[in-house]
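Chemist: Residue strings, one per chain:
Protein chains: 2
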Amino acid sequence: MVNEDVFETVKTKEASLPERTAEQISRLIREKQLTGEDKLPSEFELAELLHVGRGTIREGVKLLVARNVLEIRRGKGTYIAPNPGEIPDPLGFTYYPDQLRLAMDLVEIRGQMEPWVARMAAEHATAEDIQRLRESCSVVEQDILSERDHSENDVLFHVAIAKCTQNLVVPKLIPIITYAVKLFVSLTERRLRMETIVGHRDMLEAISAGDGRRAEQAMAQHIEYNRAMLQDIAGQLKKEDGGGE
Amino acid sequence: MVNEDVFETVKTKEASLPERTAEQISRLIREKQLTGEDKLPSEFELAELLHVGRGTIREGVKLLVARNVLEIRRGKGTYIAPNPGEIPDPLGFTYYPDQLRLAMDLVEIRGQMEPWVARMAAEHATAEDIQRLRESCSVVEQDILSERDHSENDVLFHVAIAKCTQNLVVPKLIPIITYAVKLFVSLTERRLRMETIVGHRDMLEAISAGDGRRAEQAMAQHIEYNRAMLQDIAGQLKKEDGGGE
Chain W
0 MVNEDVFETV KTKEASLPER TAEQISRLIR EKQLTGEDKL PSEFELAELL
50 HVGRGTIREG VKLLVARNVL EIRRGKGTYI APNPGEIPDP LGFTYYPDQL
100 RLAMDLVEIR GQMEPWVARM AAEHATAEDI QRLRESCSVV EQDILSERDH
150 SENDVLFHVA IAKCTQNLVV PKLIPIITYA VKLFVSLTER RLRMETIVGH
200 RDMLEAISAG DGRRAEQAMA QHIEYNRAML QDIAGQLKKE DGGGE
Chain X
0 MVNEDVFETV KTKEASLPER TAEQISRLIR EKQLTGEDKL PSEFELAELL
50 HVGRGTIREG VKLLVARNVL EIRRGKGTYI APNPGEIPDP LGFTYYPDQL
100 RLAMDLVEIR GQMEPWVARM AAEHATAEDI QRLRESCSVV EQDILSERDH
150 SENDVLFHVA IAKCTQNLVV PKLIPIITYA VKLFVSLTER RLRMETIVGH
200 RDMLEAISAG DGRRAEQAMA QHIEYNRAML QDIAGQLKKE DGGGE
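These protein sequences, in sequence, are chains W and X. With numbering that gives the first Met the number 0, you'll find the first sequence wraps up at 244, consecutive numbering, no jumps. With numbering that gives the first Met the number 0, you'll find the second sequence wraps up at 244, consecutive numbering, no jumps.
Since the hints were derived computationally from the structure, they do not count as laboratory data. On a predicted model such as this, the values are computed, not experimentally measured, just so you know. Incorrect hints may have been included.
[Unchecked claim] Computed Cβ-Cβ distance ranges for the label pairs, DEER-style:
id: 1; chain 1: X; residue 1: E47; chain 2: W; residue 2: D148; range: 33 to 39 Å
id: 2; chain 1: X; residue 1: D210; chain 2: W; residue 2: K238; range: 32 to 38 Å
id: 3; chain 1: W; residue 1: K237; chain 2: X; residue 2: Y224; range: 41 to 47 Å
id: 4; chain 1: X; residue 1: G35; chain 2: W; residue 2: S145; range: 39 to 45 Å
id: 5; chain 1: X; residue 1: S145; chain 2: W; residue 2: G54; range: 41 to 47 Å
In this text, a Cβ means the ideal position worked out from N, Cα and C, and glycines have one as well.
For reference, chain W alone in the conformation it holds in the complex (with noise of 0.2 Å):
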């Protein structure tokens, strides 16, 4: 009962039967608690099992494949992804029509949000996550003085705070709501690079330290610079753009 599917009565009412057959499958890696170690039955096996010929397995398979839920790999066979059915972007916000606006309400999450993951990662974060975080750390401070990209293994670091509070989302909500990082980072240039290093800084040593109330500050801190800096270049695009609003 705890594994009935809650996302149901979301799906279209007259699915297709690749369709069925797809949330069949899916209902069986729930039940069996199929991992990303497990392969999949064979497509033979699938068909006696649900009573459908084995082209109708297949298309199944090919929407799972579609949302992540399984993986063919290269001549070993079909498996279960490793985080099944987690897939980018996953709340669409490729298709947004105005990004400035998008990546201005996610800061304003972040801000709210990252503080508090800060003081929980403190608070709850084990010597073996402080060294990943110390190496993530690390690794974001070397793009910035190679003067590379760091907007990915920015948003890495991030999570690895979030892996500190051993809450199994916060680490999975972290790339959604920093989705707006890579954005802007070709945007904002150098001027957030040594307030970003002494920004990470600042939150791992805090939460090394187990000082959550530090943790917490340092991440408002940070947050509340970037909204500034996001702010200040919305401004200036609205600007170029004629003053409209």
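We have chain W; now place chain X onto it with these hints.
Modeler: Just chain X now, kept in the frame of chain W:
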């Protein structure tokens, strides 16, 4: 530049031809800012434009349908989906083996996030937002008083609050963090029902009065009540499991 695909790096390096075609169609949708009102160009036009066969276009379209970027309208053709790229269960929660742990971690996030959402809602709600919130509140009450499962409409009430914030992303995060609501409604039975009616009314009144502090407190109390109940259930389930960890 602002529309550049920030998730691109997450994709598989050796993408198949249908996968690359799906990406090109997706790019076309973003560049032309096509929306749910718009029909996708014909297979023939796309094949010409992207220099691939119609069979490949068909496979690419299937992938985008599976990801809810496109939708087939029976007898009408292929359209952009209303919220392109948004899928149910975007983080793959249904595949998590420990649903109880997931629920506890989610309620921790809710307790941190939703009081702030309620305050923002009180500060930014329009008259129209409040009207919709009032209706949503009443739908949940009718469910509860008729002893129907109110979990779905309960989530929609929290989404309606989130819409009052005027932040684009907050309403998208609520269905994710309230994922566990439906899972445990059968376990909590009627114990939470009266509390839900009173708690929701409190929030509605605070938001419609523009009282951010009261809205925040009412939400905090509501989530805390849910958290305590969930912890109770978790304790009982563990006991039934034979006192394991």
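Chemist: All hints are to be evaluated individually against the structure, with a verdict given for each.
Modeler: Comparing the hints with the structure gives:
| no. | hint | verdict |
| --- | --- | --- |
| 1 | E47(X) with D148(W): 33 to 39 Å | 35 Å, holds |
| 2 | D210(X) with K238(W): 32 to 38 Å | 37 Å, holds |
| 3 | K237(W) with Y224(X): 41 to 47 Å | 44 Å, holds |
| 4 | G35(X) with S145(W): 39 to 45 Å | 44 Å, holds |
| 5 | S145(X) with G54(W): 41 to 47 Å | 45 Å, holds |
Hint violations for this structure: none, all hints satisfied.
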